[in-house]
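Here this note's numbering is used: the first residue of the sequence shown is 6, the next is one more, and so on.
These aren't lab readings, by the way, just hints derived from the structure by calculation. Just to be clear, a hint being listed does not mean it is correct.
[Claimed, not checked] Below 27 Å or equal to it, Euclidean Cα-Cα: the simulated DSSO-like pairs (lysine-lysine) are: (1) Lys291 - Lys269; (2) Lys160 - Lys215; (3) Lys190 - Lys201; (4) Lys520 - Lys560.
[Claimed, not checked] Quick list of simulated restraints, FRET-style, between CB atoms: (5) Ser418 - Asn533: 30 to 38 Å; (6) Glu315 - Lys201: 19 to 27 Å; (7) Thr326 - Val659: 35 to 43 Å; (8) Thr617 - Arg328: 43 to 51 Å; (9) Arg718 - Ser418: 25 to 33 Å; (10) Leu655 - Lys450: 23 to 31 Å; (11) Val659 - Gln321: 21 to 29 Å; (12) Leu149 - Asp64: 16 to 24 Å; (13) Lys298 - Thr623: 21 to 29 Å.
Note that the Cβ used here is the ideal one computed from N, Cα and C, for glycine as well.
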Amino acid sequence: MARILILFLINLMFPNLLLGDVISSQVDDLSYRLPVEIKPNFYELNLTVNLNSNLSETDFKFTGEVKIDIVAEIQDVRSITLNMKNLTVKNISLYHSNKTAIKLNSTVYDDVHEFLIIMLDDKLKKGNNYLLTVSYSGVVNDQLRGFYRSRSADKNGNLIYVAATHFEPTGARLAFPCWDEPAFKAHFNISITHPKSYHAISNMPVEELKVENDMKTTKFKTTPRMSTYLVAFIVSNYECNEDGMFRVCTKPQAVNQTHYALEKGKKLLDALNEYTAINFTHYVPKMDQVSLKDFSAGAMENWGLVTYRESALLYQDGVTTTRTKQSITTIIAHEFTHQWFGNLVSPEWWTWIWLNEGFADYFQYIITHKVLPEWRLDEVFVVDNIQGNAFIADAGENPRPMNKNAKTSQEISSLFDNIAYQKAGSVIRMMSHILTENVFHEGLKEYLKQNALNVANSTNLFEHLGKNKKWDGASFGKIMDGWVNNAGYPVVNVKRNHDDELQLSQERFSFYETKNDANWWVPITYVNSSSMNFNNTTPIIWLKPGRNETIKFNKAEGWIIVNTQQAGYYRVNYEPEMWKLLSMQLNSDNYENIHVVNRAQLIDDALNMARTNRLNYTVALTLTLYLERETDYVPWQTTFRNMQFLHNMLRTSVQYNNFMNYIRKIMKSVTSQVRYKPYQKGEELDIVKLLRINAMEWACRAGVDECKDYTNREFNAWLSNSSRS
6 MARILILFLI
16 NLMFPNLLLG
26 DVISSQVDDL
36 SYRLPVEIKP
46 NFYELNLTVN
56 LNSNLSETDF
66 KFTGEVKIDI
76 VAEIQDVRSI
86 TLNMKNLTVK
96 NISLYHSNKT
106 AIKLNSTVYD
116 DVHEFLIIML
126 DDKLKKGNNY
136 LLTVSYSGVV
146 NDQLRGFYRS
156 RSADKNGNLI
166 YVAATHFEPT
176 GARLAFPCWD
186 EPAFKAHFNI
196 SITHPKSYHA
206 ISNMPVEELK
216 VENDMKTTKF
226 KTTPRMSTYL
236 VAFIVSNYEC
246 NEDGMFRVCT
256 KPQAVNQTHY
266 ALEKGKKLLD
276 ALNEYTAINF
286 THYVPKMDQV
296 SLKDFSAGAM
306 ENWGLVTYRE
316 SALLYQDGVT
326 TTRTKQSITT
336 IIAHEFTHQW
346 FGNLVSPEWW
356 TWIWLNEGFA
366 DYFQYIITHK
376 VLPEWRLDEV
386 FVVDNIQGNA
396 FIADAGENPR
406 PMNKNAKTSQ
416 EISSLFDNIA
426 YQKAGSVIRM
436 MSHILTENVF
446 HEGLKEYLKQ
456 NALNVANSTN
466 LFEHLGKNKK
476 WDGASFGKIM
486 DGWVNNAGYP
496 VVNVKRNHDD
506 ELQLSQERFS
516 FYETKNDANW
526 WVPITYVNSS
536 SMNFNNTTPI
546 IWLKPGRNET
556 IKFNKAEGWI
566 IVNTQQAGYY
576 RVNYEPEMWK
586 LLSMQLNSDN
596 YENIHVVNRA
606 QLIDDALNMA
616 RTNRLNYTVA
626 LTLTLYLERE
636 TDYVPWQTTF
646 RNMQFLHNML
656 RTSVQYNNFM
666 NYIRKIMKSV
676 TSQVRYKPYQ
686 KGEELDIVKL
696 LRINAMEWAC
706 RAGVDECKDY
716 TNREFNAWLS
726 NSSRS
């Protein structure tokens with residue numbers, strides 16, 4: 006009602022408004038959300054673009070016409086509001102489905118809310134369909150957003166331009182007037198007219214090609230129902246490496262760098278087809294991966310046309326590093342996961358963007374692990390994703406909850422952060438352990454099936470996963486509410502009550518002074534020195550909001566480790582005596598009796614308890630002395646990251662030499678195990694290569710003579726070879 010009143014007042018105040026008039030100062034009170042009285046069903050989008058490299062900066066223009074089949078959702082609609090930005094409207098028409106013209110009163114552009122508002126003289130009737138046609142023009146910009154231009158080169162190295170799109174989250178409105186919110190799903194017919202020396206690709210396969218003079222028109226098949234931010238098209242001189250429905254496209258001189266993405270991409274897509282039980286080609290019959298020289302994100306999951314930075318897709322054997330190869334693989338897995346989580350089922354609003362990014366973050370490790378188990382990414386997830394990203398961002402000065410509303414384009418863009426990605430992925434991993442993998446898997450398949458081609462929110466997800474199951478009288482939704490609606494995460498404190506009892510309490514963990522507003526249902530798992538079943542990661546008890554819990558645990562039983570395989574998204578702190586018992590176990594010949602992930606957890610928790618003054622550094626560093634025996638990548642990855650913090654704090658202090666002595670002491674075994682000089686190609690696992698990279702960096706930094714001698718020899722040999730060539 007408020008919106009209608011404001012539009013009515015605008016019409017009274019400005020009765021002679023013309024097409025394209027801007028009145029931003031008068032409509033600041035409007036919501037940034039589109040009204041729901043009109044919904045789009047179908048877009049027919051026709052664009053014409055010229056990419057001559059001789060064009061001046063101001064001449065990279067395009068023209069467009071979009072025909073939108075819309076339906077009135079309520080009775081007597083007097084205005085149509087859709088999104089638009091940086092476009093010049095030339096003409097607007099509106100027809101009833103029976104071909105009767107609907108008279109327009111005035112048209113307003115609100116540049117604050119990025120609205121095109123069309124006032125009508127005639128009322129639209131509920132349930133009736135209408136055809137809205139908008140002719141317009143715009144600029145193929147250089148801002149890497151919307152419809153933009155990217156530099157490329159022909160086979161002779163000459164500069165040419167590529168036209169590409171990047172619409173997430175609110176960039177489609179820069180390319181065509183539209184209902185640019187994820188819930189307004191529709192079908193799209195896209196047609197692009199471009200120089201005939203170029204070719205165009207889009208979400209769907211080509212349906213028809215027409216050449217007229219120096220221009221070519223490429224028409225594509227109709228898309229499934231999809232959100233506007235997933236629409237994509239590229240006009241380029243690119244060449245493709247293909248295998249059936251699968252292609253990898255790039256600039257002509259780099260096609261020989263696409264084989265890895267083609268091979269691994271097919272395997273990852275097959276693994277996701279199997280896991281979701283929904284075949285990708287049921288909705289989109291092809292998969293294109295395209296590299297772009299100028300690209301703002303790492304990659305973008307457009308349905309059937311995934312775009313990447315060149316460095317995130319192209320691979321050269323013998324040139325690309327092992328770490329970059331792993332990054333390329335997990336980025337492909339991330340974007341392919343989105344074809345289901347985000348494209349097939351989209352978030353109802355950006356509040357729930359973590360339903361896209363969290364699942365993509367989680368499966369980029371888990372699906373890649375299915376394809377390449379020797380990388381051990383199921384374990385690496387803990388040290389890189391939880392400890393190395395989520396725990397740090399979520400303990401910052403002012404973290405946000407996973408569910409957070411946003412209004413403006415800028416606020417929406419700010420939601421694409423460590424919380425939406427790494428924290429959400431970590432919480433999703435916790436869900437799988439709470440439910441068990443089988444229940445979690447079946448619930449996800451049902452979630453995708455029931456919400457296909459539609460939108461969802463966190464409540465929908467929890468209903469499908471929980472399936473009316475209760476834990477201590479609480480539904481899965483109630484349990485998860487604190488995790489998605491509270492900022493931060495808990496540390497569970499384990500203290501001895503009596504000789505036969507341990508008390509568990511929770512508080513919020515933060516690197517800053519913060520209110521202790523711990524309000525989580527914490528799933529408690531544990532093992533002890535007499536019962537070391539590290540495979541049981543389902544909750545044994547629940548630590549509820551505002552309550553302490555006790556565990557029967559006789560002092561004679563020795564040590565206990567809470568949070569088996571760090572299945573829960575929380576830290577653990579113990580009394581000094583328990584830390585001492587854990588340290589003794591690690592510093593024994595039987596240190597490997599503790600699961601490798603929990604060894605990494607103990608290192609990370611101990612050092613972060615010390616960092617926040619919850620534990621004396623002497624206790625924490627004594628525990629890490631066991632690393633003299635450790636040769637596994639996972640605990641060392643945790644160690645190197647934590648050592649970087651200590652290095653930064655101590656490098657200008659009088660204790661720095663002592664710190665370097667400590668580093669040299671704990672690294673003797675690992676440097677001996679991985680060696681400085683690699684084995685011959687193909688004789689060792691990638692995870693060993695990654696460990697060597699980190700170990701060499703720290704050994705040389707600590708002044709280990711063997712490391713310095715080796716790197717000097719290698720550098721001088723390279724220098725000698727370079728001078729001869």
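Hint-by-hint comparison with the structure:
The hinted pair formed by lysine 291 and lysine 269 meets the criterion: a straight-line CA distance of about 16 Å does not exceed 27 Å. Of the supplied pair hints, the one linking lysine 160 and lysine 215 holds, its CA atoms being roughly 25 Å apart against a limit of 27 Å. Distance hint between lysine 190 and lysine 201 is unfulfilled; the C-alpha atoms sit about 32 Å from each other, more than 27 Å. Among the hinted pairs, lysine 520 with lysine 560 is inconsistent with the structure: their alpha-carbon atoms are about 33 Å apart, more than 27 Å.
Judged by the Cβ atoms, the range 30 to 38 Å given for serine 418 and asparagine 533 is violated: they are separated by roughly 47 Å. With their beta carbons about 26 Å apart, glutamate 315 and lysine 201 fall inside the hinted range of 19 to 27 Å. The hinted window of 35 to 43 Å between threonine 326 and valine 659 holds, with their beta carbons roughly 37 Å apart. At roughly 30 Å, the beta-carbon separation of threonine 617 and arginine 328 lies outside the given 43 to 51 Å, and the hint is violated.
Checking the proposed 25 to 33 Å range against arginine 718 and serine 418 shows it is violated: the Cβ atoms sit about 49 Å from each other. For leucine 655 and lysine 450, the Cβ-Cβ distance of about 51 Å falls outside the hinted range of 23 to 31 Å, so the restraint is violated. Range check, valine 659 to glutamine 321: Cβ separation about 47 Å, and the 21 to 29 Å hint is violated. Against the hinted window of 16 to 24 Å, the Cβ-Cβ separation of leucine 149 and aspartate 64 comes to about 19 Å, which satisfies the hint.
In this structure the hint that lysine 298 and threonine 623 lie 21 to 29 Å apart at CB is violated, the actual value being about 52 Å.
In this structure, the hints that do not hold are numbers 3, 4, 5, 8, 9, 10, 11 and 13, in rising order.
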